[in-house]
Structure formats: structure tokens, C-alpha cells
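In order, the protein sequence lines correspond to chains C and Z. Number 347 marks the last residue of the first sequence (this note's numbering); no jumps. Number 162 marks the last residue of the second sequence (this note's numbering); no jumps.
Rather than coming from a laboratory, the hints here were simulated on the basis of the structure. Beta carbons: idealized from backbone N, C-alpha and C, even for Gly. Hints should not be assumed to be uniformly reliable.
Claimed, not checked - Which residues of chain C face chain Z? A few of them, derived with a C-beta cut under 8 Å, are:
# : residue
1 : 88
2 : 134
3 : 254
4 : 278
5 : 280
6 : 284
Claimed, not checked - From the derived model, a few chain Z residues whose C-beta atoms are all more than 10 Å from chain C:
#  : residue
7  : 7
8  : 8
9  : 15
10 : 16
11 : 21
12 : 61
13 : 99
14 : 104
15 : 110
16 : 125
17 : 132
18 : 142
19 : 143
20 : 150
21 : 154
Said to hold, decoys possible - Covered stretches of chain Z, going by a simulated chain C footprint (3 or more residues, C-beta under 8 Å):
#  : segment
22 : 46–58
23 : 65–71
Now for the letters of each chain:
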Amino acid sequence: MFENLTSLEWLLWLILAGLLLFGLMAVNALAAVYAERKLSAFMQDRLGPMGQGAGFHAGKWGMLQTVADALKLILKEDIIPRAADRRLFIIAPYIIFIGAFIAIAALPFSEYIQVIDINLGIFYLLAVCSLGVVGLITAGWASDNKWSLYGALRSAAQIVSYEIPAALSIIVVVMLTSTLDLQGIIRSQEGVIWGILPNWIIFNNPFAFLAFFIYFISGVAETNRTPFDIPEAESELVAGFHTEYSGMRWAFFFLSEYANMFIVCGIATVAFLGGWQSPVPGFMDSGAWGLFWFFGKVLFLIFVMIWFRWTFPRLRVDQLMGVAWKVLLPLALLNIFGVGLWSLYIG
Amino acid sequence: MAEAAFWLVVAVTLVSAFIVVTSRNLFYSAISLLFTFFGVAGLYIFLWADFLAGVQVLIYIGGILILILFGIMLTHKITSVDIAHTSIQQGVGGIVVLFLFAALAWMIVRTPWLVAAAPEPQGTAGEIGKLLMTDYLLPFEVASVLLLGALLGAAVLSRKGN
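Construct all of the structure, not just a fragment, from the sequences and the given hints.
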């Protein structure tokens with residue numbers, strides 16, 4: 001279908017795909033914020049956002065609350081501090097946003113729906129995730145505010161540290177599937193293993209099981225969420241690297257943060273949980289059901305992240321680095337060794 | 001279309017590289033370097049070296065550029081935005097640059113460039129892996145020993161204070 005397109009048609013398809021992805025990111029952020037507020041409320045025995053009066057102001061059960069918040073953000077004044085570096089201040093949110101955007105474009109939503117299918121898939125995803133850090137440091141630096149700077153430094157150190165165990169646990173997946181292509185990784189997780197379990201990488205062997213948790217914990221840390229939210233710890237650093245941002249620029253950070261949650265959960269789904277494959281082979285696994293399973297798994301993992309946030313206390317800076325370098329990294333290295341032995345002698 | 005994209009990538013690479021060299025603000029140079037690295041990754045893709053392009057982004061942007069930014073942020077005047085870098089010893093530097101330019105130009109002119117349309121390789125990662133594990137195993141292992149040495153050296157240096 002796409003082989004014989006003229007340049008103009010190709011460009012139009014590209015723009016359409018971009019708009020759809022942007023829509024996905026926006027809807028994802030709106031839904032995730034609503035879920036976050038409601039879930040946190042239920043976990044704390046509150047009601048969360050509710051429609052006031054006749055259930056009209058913010059919709060039934062407060063469902064329009066985040067829409068109202070988004071509208072408010074669009075209308076808010078855009079403030080750039082006088083001491084800030086204007087150009088860097090303006091460019092920083094876009095760098096972070098582009099990093100999230102080009103990563104989400106490579107995720108396989110179903111067997112047939114994927115914007116860019118590259119044979120380096122998972123490697124590409126790991127590579128472009130580092131772009132966000134650059135934007136983050138730029139934002140912290142350009143704000144000319146010490147809270148921002150400390151937030152940016154902490155955040156960059158944290159993301160760079162946790163990238164290593166995350167990448168090492170993805171290597172386990174690549175070893176087991178011997179491909180970097182996302183669709184290839186998903187296809188190799190077809191069928192049944194151990195009699196009843198789906199043949200997902202997480203169930204393949206004990207080391208892969210551990211690798212999933214190492215990846216997911218590192219992923220939570222890479223999105224700067226509690227219990228790893230040192231970079232924007234509101235009780236110490238006001239709001240971390242985005243202290244000085246307001247209005248739409250701040251909304252871009254927000255959008256990217258929730259998109260990053262989606263990406264981390266998406267990678268975990270593709271690499272360990274069979275992507276768009278049904279948990280029961282042959283059951284609801286054709287055509288559009290792929291979309292259902294992919295989004296179902298991703299949304300479940302996002303729910304787990306929200307659950308983390310409202311149940312775990314925040315780690316201290318030294319504990320944070322200790323977890324990455326003294327616990328997760330050795331475990332991830334051991335995992336690679338173990339999976340190698342397993343595939344040689346048992347698998 | 002592909003040609004337009006190619007020239008766009010070339011333009012981004014060259015313009016941002018120019019800013020890296022000429023900017024008086026160290027942080028601007030570092031951020032321009034981001035676009036230069038991306039441009040070079042784009043050029044690799046046009047050469048069908050997809051794996052190399054990925055490595056370029058992962059190592060140069062995810063590693064080296066962030067290290068540079070860290071370096072800038074940890075320098076003495078941490079809150080002042082305008083850490084300037086100026087040129088000193090312009091005479092000696094000019095001679096070195098001229099020599100480098102001549103050497104590079106000589107290399108470009110002398111290299112027998114491959115002009116025939118090579119078959120488009122489908123994914124280079126597997127081939128690179130095979131070569132690294134067979135023909136180039138020794139350089140690969142030597143590089144890993146070098147990295148291990150650097151790692152240990154960094155640990156020793158950073159412990160000195162305690």
C-alpha cells in the first residue's frame with residue numbers, strides 16, 4: 001500500500017500519523033491524570049474530583065475535571081523569568097516532548113498498527129529515551145533557579161543510572177528472541193509454555209521473570225515517579241526542574257511525563273508480556289483484539305505505577321543511587337549470565 | 001523526497017556544528033551538539049548503517065552529551081548562565097587546524113569512494129554481531145579491557161577524597 005506513494009501523499013500520511021500520535025498522547029495524559037486522581041482518592045478514602053451541584057460543572061464523577069484543567073493550562077499566562085536564558089527556556093519542553101514523541105511512534109499497537117517499524121525497534125526505543133534527559137537538564141539550567149538546577153541534576157543522574165539496569169534486562173529479551181525488531185519479539189512469544197502459561201518472555205525462565213521486575217522498577221525510576229521522584233520532590237525542591245514553567249510550556253512537560261509512562265509500560269508489554277498477543281492463544285487474538293490486548297496490558301501497568309505512587313514513600317538520594325548501582329545492576333548482570341546458561345543447557 | 005530529506009539532514013548537521021564551534025556560551029554549544037549528533041545519525045541512516053545510527057544516538061547523546069552537560073553544571077559558577085569560552089593561542093591553534101584540514105582533505109581526495117550502487121543491506125545488527133564474535137574478537141575484547149580500566153580508574157579517582 002505504501003510502496004507507490006508520491007512524495008506529497010507520503011508527507012500527508014506522515015502528518016496524519018503525527019496528529020494521531022499527538023492525539024494519543026493527549027488522551028493518554030487526560031485519562032491517566034483522571035485515573036491518578038480518582039485512584040489516589042480511593043486509596044486514601046476520599047472521593048476525588050466530583051461533579052458539583054447537579055453533576056454539571058466537571059461532568060459526572062468529575063470526568064471532565066482534567067479537560068477543564070487542560071483548558072485552564074491553555075489559557076494561563078506564559079511566564080518567562082527575566083533572569084532565565086530565553087532561548088533555552090523555550091526550547092527545553094520541546095526537546096523532552098520530541099523524545100517522547102519519536103519513541104511512542106515506534107510502539108506496535110497491534111499486529112498491523114505501528115507508525116514506524118524499524119528492524120532495530122527495541123534498540124531504537126532505548127536510544128531515543130535518552131533525549132528526554134537533555135531537555136530536562138536544559139530546562140533546569142535555563143530557568144536560572146537553584147531548585148530547578150538541583151532537580152535537573154538529580155533527575156539526570158537518576159535517569160542515566162537507571163537506564164543501565166533497564167537496558168541490561170532488555171538484553172535478556174534480545175538473547176531469548178534473537179531479534180531487535182518489536183514485531184519479531186512479539187511473534188516469538190506465541191503459543192503456550194509450561195503447559196498452561198502463555199509463552200511470554202516473563203514466563204520463559206526464572207531469570208526472565210526477574211528481568212521483568214528489574215526493567216519495570218528501572219522504568220518507574222526513569223519516568224521520575226514516586227517512589228523515585230527525588231527530581232521534583234515538592235517538599236524539598238518546589239517542583240524540581242519545571243519550577244519556573246507555567247501554562248502550555250508546563251503542559252508539554254506534563255504531556256511528556258505521562259507519555260513516558262506509556263512508553264515504559266509499552267516496552268515492558270512488548271518485551272515481556274507478549275505485546276498484542278492474547279493471554280490464551282486462540283482466544284480473542286485476531287485483528288482488532290490485538291489493540292485491545294496491547295492497551296489492556298499497558299493500562300494495567302500504568303495502574304500499577306499509580307498504585308506505587310500512592311502507597312510507597314519517597315527514597316532518599318543516596319538510597320536511590322544505591323538501589324540502581326548496588327541492587328539492580330548486579331542482579332541484571334547475573335540475569336544475563338543466567339539466561340545464557342539457561343538457553344545453553346535447559347531451554 | 002529522500003533527496004530533500006538528505007539535504008535537510010546535511011544542513012542541520014553543518015549549521016549546528018558551526019554553532020557548536022562559534023558560540024560564546026558553553027551551554028549553547030552543548031545543545032547545538034545535540035543536533036549535530038542527530039544529523040550524523042541521520043547521515044548513517046542514509047548510508048544504510050542503521051545500527052550505527054542507533055549507537056550514535058545511544059552513546060553520543062545518551063552518554064557523552066549528558067556527561068558534557070553534567071560537566072558544565074558542576075563547574076564553579078553554577079548559577080550563572082553565561083559561562084563563556086573564548087579562543088586563546090590563536091596562532092598555534094590556526095596552524096594545527098590548517099594541518100588537520102590538509103590531512104583530512106588529502107584523505108578525502110585519496111580515498112577510493114564506493115560509487116556503485118551497493119545492495120541495500122537488510123539490518124546490519126546481526127552481521128556486526130557475527131563479525132565482532134569472529135573476525136574482530138580480539139579488538140572487541142581489548143576494547144572491553146580498556147573500558148574496565150577506565151571504570152576502575154574513575155572509581156579510584158573518586159574515592160581519593162575520603
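Status of each hint after checking the structure:
1. 88: This interface hint holds because 7 Å falls under the 8 Å limit.
2. 134: Residue 134 (chain C) check passes; min Cβ-Cβ to chain Z is 6 Å, inside 8 Å.
3. 254: 22 Å, violated
4. 278: With a closest approach of 28 Å, the residue 278 (chain C) hint is violated.
5. 280: Violated, because the Cβ-Cβ distance from residue 280 (chain C) to chain Z comes to roughly 32 Å (cut-off 8 Å).
6. 284: 32 Å, violated
7. 7: Residue 7 (chain Z) is indeed farther than 10 Å from all Cβ atoms of chain C, at 14 Å.
8. 8: Given a closest Cβ separation of 13 Å, the condition holds.
9. 15: Check passes; 15 Å lies beyond 10 Å.
10. 16: The assertion about residue 16 (chain Z) holds, with a minimum of 12 Å to chain C.
11. 21: The claim holds: residue 21 (chain Z) sits with its nearest Cβ about 18 Å from chain C, beyond 10 Å.
12. 61: 6 Å, violated
13. 99: The claim holds: residue 99 (chain Z) sits with its nearest Cβ about 33 Å from chain C, beyond 10 Å.
14. 104: 28 Å, holds
15. 110: 33 Å, holds
16. 125: The claim is violated: residue 125 (chain Z) sits with its nearest Cβ about 6 Å from chain C, within 10 Å.
17. 132: 15 Å, holds
18. 142: Check passes; 21 Å lies beyond 10 Å.
19. 143: 18 Å, holds
20. 150: The claim stands: residue 150 (chain Z) keeps its Cβ more than 10 Å from every Cβ of chain C (closest is about 15 Å).
21. 154: Holds, since 13 Å exceeds 10 Å.
22. 46–58: Answer holds; 6 residues pass the 8 Å Cβ test.
23. 65–71: With 4 residues in contact (Cβ-Cβ under 8 Å with chain C), the coverage given for the segment 65–71 of chain Z holds.
Hints 3, 4, 5, 6, 12 and 16 from the list above are not met by this structure, while the remaining hints are.
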